[in-house]
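Enquirer: Letter 12 of the sequence shown, counting from 1, is numbered 12 in this note's numbering, and no numbers are missing.
Hint data in this document are derived by calculation from the structure and do not stem from the laboratory.
Errors might be hidden in some of the hints.
[Said to hold, decoys possible] Pair ranges (Cβ atoms, derived): (1) Ile232 to Leu342: 26 to 34 angstroms; (2) Ala256 to Leu342: 16 to 24 angstroms; (3) Phe321 to Cys262: 49 to 57 angstroms; (4) Thr185 to Lys128: 24 to 32 angstroms; (5) Thr338 to Gln125: 50 to 58 angstroms; (6) Lys258 to Thr201: 28 to 36 angstroms; (7) Gly72 to Pro215: 36 to 44 angstroms; (8) Asn251 to Gly284: 33 to 41 angstroms.
Note that beta-carbon positions come from the ideal geometry of N, C-alpha and C, so glycine has one too.
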Amino acid sequence: MASEAANPEDTSSQSLPERPKDAPAGEAPSKNALKKAAKEKEKAEKAAKRKAAEDAQKQQSAAEDVSAKDYGKLPMIGSEAYTPSGVTRVTLSTMAEQFKDASSAEGEGGPEVVFRAVVDNARVQSAKLAFLMFKQGLDTIQAVVAASETLSRQMVKFAGTIPAESLVIVHGVVKKPFEPVKSATISDLEVHVRKLYIVETAEVLPMQVEDAERPIPLEGEEQKEEADGRPIVMLNTRLNNRVIDLRAKHNHAIFAIKDGVCALFAEYLRSLKFIGIQTPKLLGAASEGGSNVFEVTYFATKAFLAQSPQLYKQMLIAARFERVFEVGPIFRAENSNTARHLTEFTG
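Construct all of the structure, not just a fragment, from the sequences and the given hints.
Expert: Rendered as structure tokens:
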């Protein structure tokens, strides 16, 4: 059979302009539909022009950023060849002692410092000013990032948006604030930032450190939020995220106090000619009578966790060690539900 030749003027296979939604099939679009289509087209053109203008402005701002090399995120450790900077870093505690007589914030110049710290919080005061709180352990200090001829607004914005708990390296000048910073432990000093680099950006945390620093609700309380709307972090959440919980100031203080007590205890006994000893904690037999002892597998035999160093102290006394002491762990298998019985403690 002979087939009909394709008509060159046949446009059925070509794409046709989309019919306005308001126009019924087989009818020409109404004036309202045409006006609506024209408005949508004009709106899209304006949006495109606005985006192009914003992109051009961003490129221009980046080209005019005088602080482009003074802030940003550092490359991942090990991803590039390491070159020592030769710059000595200081701690916040050293800074507090060394720069007690720093010049006022109104004056020019001042001692320059470089230190690594964690961002406790950051906030943008204005397009030209941002404040940060840096912390090292229990020490905190306020930092100021202010736009100037040598410090760009882009750097101010960058500094004010750093997530809390991020690790940073700071280059700055130490000054005395106009008035003591009550929210910082180092209240009579502040750092005017010159360079700011992020070592590691903190991700979204399951709980905030500041929330972990507030008291745990009493047993039976079902309150889910504080009066100011902040969530209450329960004990289970804290224990499931113990690393974050340990960052809280009160937990740092507990460890510092315990260390200080042990140090004072040892210092006093040594002043009386006592000798510090370290005795084994895995024993072949129970060091004291009774059943309150933990039994563990020691290769092909049994062993027991030390209930006390009493046996070894007696051996040392018989060996002519007149005065000995030890600060170490003690294990007692006392199955009790009271708050005054512990299966492991330091004694």
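Enquirer: Is 49 to 57 angstroms respected by the C-beta to C-beta distance linking phenylalanine 321 and cysteine 262?
Expert: Given range 49 to 57 angstroms: violated, Cβ gap about 21 angstroms.
Enquirer: Please test the hint of 26 to 34 angstroms on the beta carbon pair from isoleucine 232 and leucine 342.
Expert: 27 angstroms Cβ-Cβ, so the 26 to 34 angstroms window holds.
Enquirer: If you check the beta carbons of threonine 338 and glutamine 125, does the distance land in 50 to 58 angstroms?
Expert: Hint holds: Cβ distance 52 angstroms, inside 50 to 58 angstroms.
Enquirer: Holds or violated: 36 to 44 angstroms for the Cβ distance of glycine 72 and proline 215?
Expert: 39 angstroms, holds
Enquirer: Threonine 185 and lysine 128, beta-carbon distance inside 24 to 32 angstroms?
Expert: 28 angstroms, holds
Enquirer: The hint says 16 to 24 angstroms between alanine 256 and leucine 342; measuring C-beta to C-beta, is that right?
Expert: Holds - the Cβ-Cβ distance for alanine 256 and leucine 342, about 21 angstroms, lies within 16 to 24 angstroms.
Enquirer: Falls inside 33 to 41 angstroms, the C-beta gap from asparagine 251 to glycine 284?
Expert: Roughly 37 angstroms apart at Cβ, these two residues keep to the hinted range, so it holds.
Enquirer: Is the gap between the beta carbons of lysine 258 and threonine 201 within 28 to 36 angstroms?
Expert: Roughly 32 angstroms apart at Cβ, these two residues keep to the hinted range, so it holds.
Hint 3 from the earlier list is the only one contradicted by this structure; the remaining hints agree with it.
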